[in-house]
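The residues making up each chain are set out below.
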Amino acid sequence: MRRLLLKQNSPLPGFGLTLGFTTLYLSLIVLIPLSALFFKTSTMTWERFVEVAITSPRVIASYKLTFGASFIGACINAFFGFIVAWALARYVFPFKRIVDALVDLPFAMPTAVSGIALTAIYSKDGWVGRWLYRMGIESAFSPLGITIALTFIGLPFVVRTLQPAIEDLDAELEEAASSLGANRWQIFRRVILPTLVPPLLTGFALSFARALGEYGSVVFISGNKPFSTEISSLLIIMKLEEYDYAGATGIAVVMLLASFLMLLTVNILQWWAGRGYREAH
Amino acid sequence: MAAAVSLKYSSKQQGSMRDPRWVRITVLTLAIAFLGLFIALPLIAVFVEAFRRGVSAYFASFENSDVWAAIKLTLIVAAISVPLNTLFGIAAGWCIARFNFRGKNFLTSLIDLPFAVSPVISGLIFVLLFGAQGWFGPYFMRAHWYPMLDWHGFAESWWPLDYQWFRYKPQIIFAVPGIVIATLFITFPFVARELIPLMQEQGSDEEQAALMLGASGWTTFRRITLPKIRWALLYGVILCNARAMGEFGAVSVVSGHIRGRTNTVPLHVEILYNEYNFVAAFAVASLLAMLGIVTLVIKSVIEWKVARNDGD
Chain W
1 MRRLLLKQNS
11 PLPGFGLTLG
21 FTTLYLSLIV
31 LIPLSALFFK
41 TSTMTWERFV
51 EVAITSPRVI
61 ASYKLTFGAS
71 FIGACINAFF
81 GFIVAWALAR
91 YVFPFKRIVD
101 ALVDLPFAMP
111 TAVSGIALTA
121 IYSKDGWVGR
131 WLYRMGIESA
141 FSPLGITIAL
151 TFIGLPFVVR
161 TLQPAIEDLD
171 AELEEAASSL
181 GANRWQIFRR
191 VILPTLVPPL
201 LTGFALSFAR
211 ALGEYGSVVF
221 ISGNKPFSTE
231 ISSLLIIMKL
241 EEYDYAGATG
251 IAVVMLLASF
261 LMLLTVNILQ
271 WWAGRGYREA
281 H
Chain G
1 MAAAVSLKYS
11 SKQQGSMRDP
21 RWVRITVLTL
31 AIAFLGLFIA
41 LPLIAVFVEA
51 FRRGVSAYFA
61 SFENSDVWAA
71 IKLTLIVAAI
81 SVPLNTLFGI
91 AAGWCIARFN
101 FRGKNFLTSL
111 IDLPFAVSPV
121 ISGLIFVLLF
131 GAQGWFGPYF
141 MRAHWYPMLD
151 WHGFAESWWP
161 LDYQWFRYKP
171 QIIFAVPGIV
181 IATLFITFPF
191 VARELIPLMQ
201 EQGSDEEQAA
211 LMLGASGWTT
221 FRRITLPKIR
231 WALLYGVILC
241 NARAMGEFGA
251 VSVVSGHIRG
261 RTNTVPLHVE
271 ILYNEYNFVA
281 AFAVASLLAM
291 LGIVTLVIKS
301 VIEWKVARND
311 GD
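Here the protein sequences line up with chains W and G, keeping their order. To convert, note that position 158 of the first sequence is 158 in our numbering; the numbers rise steadily by one, no gaps. To convert, note that position 218 of the second sequence is 218 in our numbering; the numbers rise steadily by one, no gaps.
Chain G on its own, in the form it takes in the complex (with noise of 0.2 angstroms):
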């Protein structure tokens, strides 16, 4: 296959700096041998084994009350966290990047912390926080009598919640809201670690220009910032989407895995799985794909624009 390659250079290729014609042909070889076998081949996999009984068995799969649920729940979780964690990631920004204050280094380490905690574990500090022993666990686990709204699923109608007017036991853990707030803890950096690096390069000259013309601190954000951070805030945006859609490790110890109502798309995806019914988990699972493939174009074409924009 290399060898019908046309081996052209880019512009820093030249003289001394170039390569032999077989070391280059070795290189990008094992380079595409390498990426084909190990990156392409599982995608490719995902939607051969969707595929494996024809296209009535894929679309046949989506025709279940749980998959539905399990998609609805999904939508909601990401579009609770996304937004919470994007205005948390524009404030975090603000902050370290606008000024310059005691403790700066610190907090900015502190903010990449989930990235250091593993899937596993970061499901598994809110079991101890929330859980029957945990530090919250018996405050949560005590009778409240007041009106609670009950979270069942999609299941059975359109709308997710009951009304109860006094409620035992309201949960967190093997709940909804325990999914909500591991994938909150998750997806916690991305949009931050995106926009503060970014900021702190661009500076605040124009913001104190606008300012200093009468502007208000919320006419120079939104019309002087937000334009200027923009492809940065929808990267970051994109990455943390894709992460609380797909998140598994950290929504699977916290779920309970109630079908219907406390599972996720990619749990929905393992129980399938579990049950050998192996056309069923990769059609739910291409969807999933679908999402990572749609991730990587956006993600990019704003890495194409910038470096277009770069370059005038």
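Chain W with its partners taken away, still in its complex shape (with noise of 0.2 angstroms):
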């Protein structure tokens, strides 16, 4: 084996082993699994697998909000995401390491445990929520509710991409811009803005990505009324639940190839962001 896939030789010992043990784990644990998903679906005929995931109204409603609420989540996040990372990237403050950790807390604290937490807030008598239904407005169960938690869920993606990109900005271009008499303003928007879109765009597709799969911080806070507020992670769960395995795997099926998508896109950006650096070095 060694000889066969080894392109050149090494005096480190193990690869038999390591490579065995890594394909054969990852095979038991991720590809057999995952390939039961396409096999389930290449068992269904093409007219059954588009009347379920999807034709089927309540299908389409929930990908409409889906993707709807994970889009709006993902443009506040760039937009809040940016300032956040600028903040921590260029400025001094006190009790920055606190706020820069706790950029991270979406990561660390289980879905449910935010999905309670948010919905305590924006419910009818929480801290939040009181405020917004005293102006009209229904924040939890409802479309807002689950676009809170889509953001709340999303922000990390888009600051932890922006923020080493920031710190690495090319302090002589801006010098240079400066002393070509370029304003602040112009500076920003023509020297460092055009270095920043490639990160920017792939913390919100990162972003985006997270949420449409984001089941556990919205199944609370959505309300989950069919029609309205049925996100497609919890259709999957309901069809499952009915054992209606074909539409939860149709569901799924689409769900898991937008995501993919997003992923593509992410590493076309990536692809794209180092272009411009290797040119530049």
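A hint or two may mislead.
Here are the computed lysine-lysine pairs in the DSS-like style, where the Cα-Cα straight-line distance is at most 30 angstroms [as the list claims (entries may be wrong)]:
no., chain 1, residue 1, chain 2, residue 2
1, W, K96, G, K228
2, W, K64, W, K124
3, W, K7, G, K104
So the derived label-pair ranges between C-beta atoms look like this [to be verified]:
no., chain 1, residue 1, chain 2, residue 2, range
4, W, W272, G, A57, 18 to 26 angstroms
5, G, A57, W, E138, 55 to 63 angstroms
6, W, S179, G, T219, 54 to 62 angstroms
7, W, R58, G, W68, 37 to 45 angstroms
The hints are simulated quantities; they were obtained by calculation from the structure and are not laboratory data. Only a predicted model underlies this, so the values are computations on that prediction, with no experimental measurement involved. Glycine included, C-beta positions come from ideal geometry on N, C-alpha and C.
From these two lone chains plus the hints, build me the complex, please.
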């Protein structure tokens, strides 16, 4: 195996053992189970697949809600994530280390906990929900609540892709632009922003992809009413509880392809950003 | 608030790179307000809701065998899945970062695959595999005429397993093995994706030197490689552990939700919440929130340590 696979010889031991274990474990835990999803789909006829996963009105309503709320959440994150990343990368302020660590809270906090906490805040007598209700805005158990949960869950992706990019910005470029007479706004728009577009889009796409599949933090705040506040992940679970495996699989394949597409976009974006970097160095 | 903040510059902020004062104040105010509203407030809400009826009600929430059964099950699931995925992460790091072989890039991208699969779909694939209509379903639903260990959970006694001489329908799905496998899938890439880039960057010169001097492969790994990767390893392990203990969507699909038997802590939070037992739900959730905080603290300490060592 060693001679067959290795491109260049290495004096280090353990190639066969570690590669063998890696591929075996990968196959058992990831590849075989995932292939079950596509195998199950392939046993359906195309008409049946279209019927359960594409044309059913309830499923379409869930797609619209999931994609719409995820998109808005990712947009909010792109805007505020940029501001947070800028502040963390460029300014010095008290408790900065704590603020920096807090950004990762949505990663570290179990989604069910975030879900019930957000519901408590945005429900009718919650800290924020109370004020929104007084203004006539229903936040929990509405698409707005779903968007809030998806914003919460996606924020770290934008901040953590932008922050290193802002820190790596070439100071000389800004100084050069300044010495050529550009004002601060021109420097930001013409020099800084173009370099930050690829990481910003990457963060946006990651945040969007994560939101598409999110379940735990949304299911409590969404209200789960069919046709109005039922996200696709929840619909998969509903179908499973009704033993409608074909229906659940159909929706799952559509959602999975959507998130693969997003990650492909991310890879292309990173290649794009890397190309600019390679040309500059 | 921001006006009171002394706005010093970091070392990089000089000359033309300075933002005007009003920009700094606006950006910082917006950033802090957004983080406060969206991130800090939910965290605070967990503890406020948990202590809403006072300290005694908070602790009374834990005087319940189902809660402890859920805690123990969560610990067991993490104790199985974290070491297995750590072992995998080290093996993957060793073969991918130390050798140049055909299909390496393909293998590396396959490792990240579980991150692209949403929690509910991760659970679904195991239902499709082991459920009654699944690939291996019929096999596991058949009678087995050999001794089997049967999980009855921690609710009744300290020992969760029953020993039976024969048993029908050994279960994967809606039982503990399903929870473990789904958790393994969800937390699969965590350690590997921390180790692979670091080990690639570090290279293998020191290992080669150790081998040349006559050290065995195992000694080389233990004495040379392990110290070099320990912080990244710890980083991966704590993230893997946080996810293993906190996973909700995937586990929810495969668990069966049997109180005291197949309920993990996040699932128990859901049950309590849906029963309108809010204080107990938030009290149990506060345990998970503390796990999250501890994870963040350890993570920050590691990042700080690594950054300081790099500066030397």
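Structure-based check of all given hints:
no.	hint	result
1	W/K96 to G/K228	holds (29 angstroms)
2	W/K64 to W/K124	holds (26 angstroms)
3	W/K7 to G/K104	holds (10 angstroms)
4	W/W272 to G/A57: 18 to 26 angstroms	violated (55 angstroms)
5	G/A57 to W/E138: 55 to 63 angstroms	violated (30 angstroms)
6	W/S179 to G/T219: 54 to 62 angstroms	holds (57 angstroms)
7	W/R58 to G/W68: 37 to 45 angstroms	holds (40 angstroms)
In the structure shown, a violation is registered for the earlier hints numbered 4, 5, in ascending order.
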